[in-house]
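Visitor: The whole structure should be built from the sequences, with the hints applied where relevant.
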Amino acid sequence: MQPARTQWRKQSRLVKVVMSFLIALAAVAGFAMAGAAPASAAESSVKGKSFTIATDTTFAPFEFREHGKLVGIDMDMIRAIAKDQGFSIQIQSLGFNAALQALSSNQADAVVAGMSVTDERKQIYDFSEPYFESGVQMAVAEGNTTIKGYGDLKGKTVTVKTGSSSEIYAKSIAKQYGFTVHSVDQSATMYEMVKSGNASAVFDDYPVLAYGISQNNGLKTVTPKKPEGSYAIAVNKGKNAALLKAINAGLAELKSSGEYDRILDRYLGKTSSSSAKTPVKASQPSFWQLVQSSMPALAQGLRNTLIITVLAFTLALIIGMVFGLMRISPNPAANWLARIYVSVFRGTPLLVWAFFFYFGIPQLVGHALPNWLWISSLFTLSLNSGSYLTEIIRGSIRSVDVGQTEGARSLGLTYGQTLRRVVLPQAIKIATPSIINQLVIMIKDSSLLLTIGFADLLYQAQQLYAANFRVTETLLMVGILYFIAITFLTWLANIADRRLNK
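Just so we're aligned: the sequence shown equals residues 809 to 1310 in my numbering.
In short, the hints are calculated from the structure, not lab data.
Honestly, I wouldn't trust all of these hints.
EDC-like, lysine to aspartate or glutamate: derived pairs with alpha carbons at most 16 Å apart [claimed, not checked]:
hint, residue 1, residue 2
1, Lys855, Asp892
2, Lys1028, Glu950
3, Lys1034, Glu975
4, Lys1053, Asp934
5, Lys1045, Glu937
6, Lys1045, Asp927
7, Lys1034, Glu941
8, Lys1063, Glu937
9, Lys857, Asp892
Guide: Here you go:
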């Protein structure tokens, strides 16, 4: 019995050891599965969803328009990532600073705009894995033979793009070499400043300079590439972790499949992402060829300009009429309210309200709003113009001879009847020239909406000369189109004036 009992005890101990091992193995597997589950859920959570991607408007070859379509290294890359990871994207072409504001206000889910990773930005945004190692070069006008390096910049002005790594680098050496830094919003603007002599040199990312030179932008590089930062995709810190993980997974897949290199070759030629390449200049189209290729985009911009102007002006007339009557009202509260409205909107720049409505309100409500670009543009123009129309209408009513009012009241008309039948018809006739002038001002003011990405006429022009670098010719076409549009609307307004006030 004793040997049997001993044998049983040995078997029992063996069973316990095996069971303990299995339990431990199950626990490890459980922890592994628990850790993997959220990742799997994160991967699947982006499939079938749509995300808004904010980008720059003019940063060729990373983002620019070609035949009306937004293309470039960044655009082809993010579209390929979205396709690989099973989500869809909506691109918002806003400009670099506006794109960052759109991200901060939750109007966009990510920014893809040749964005350099810096320690300061890491405090605000979470970045994807870097996808491009950039570098800064200096360029001067093609005919400049006096500036051959940084040592020739003493007492001169150089231009850089606001918020870029080239701006950071230029400011870091400005004191050492004794030059002044002037920051602007667009690459095309920088190049025009150098060609016109308003700046002696430009600092920019080497692939951007290389592409511009290949498109005959009138510059030449004079310094070697200075490694300065990596490009990555940004999301708000602590948010959209699933999207960021999907972006990293898609980017890794693009690189392993060779698709990423093919995208680079498409815009930079047969060159690696870590070396600068001497650009080959393309042939320059004639002015009439430029007109033919540009007109479809400019026509679309003109259409948007006219639509937003007509809608905003109609609303502004209603606002101006209501608040104009409140300004002459015997009711102190109504008069006080109208005074505040006029003071606020007439005393602040239109651009401030464009940014407030488009970026500020979604941030206040905590989420993006549908069709908000058009709605915020409508609010901006109509409320700003309405404040001026309020004073035009108030002044025209006050200009009507007071004897007209006294005569009407003596005949037994009430205050409202006197205003409606006697005073307002005469006031409208007096106000019409000023109202038509306000319509002209509104058409021109609508061009400021390009700062929030509204695709008006001037916005479309920026898209064109960002790619072809024919700034003067493109703006000449824009000026002609604005002149035609303003002349046509003024003609229609004058016809309406003659019919209403004959």
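Visitor: Please flag the earlier hints that this structure goes against, numbers listed from lowest up.
Guide: none
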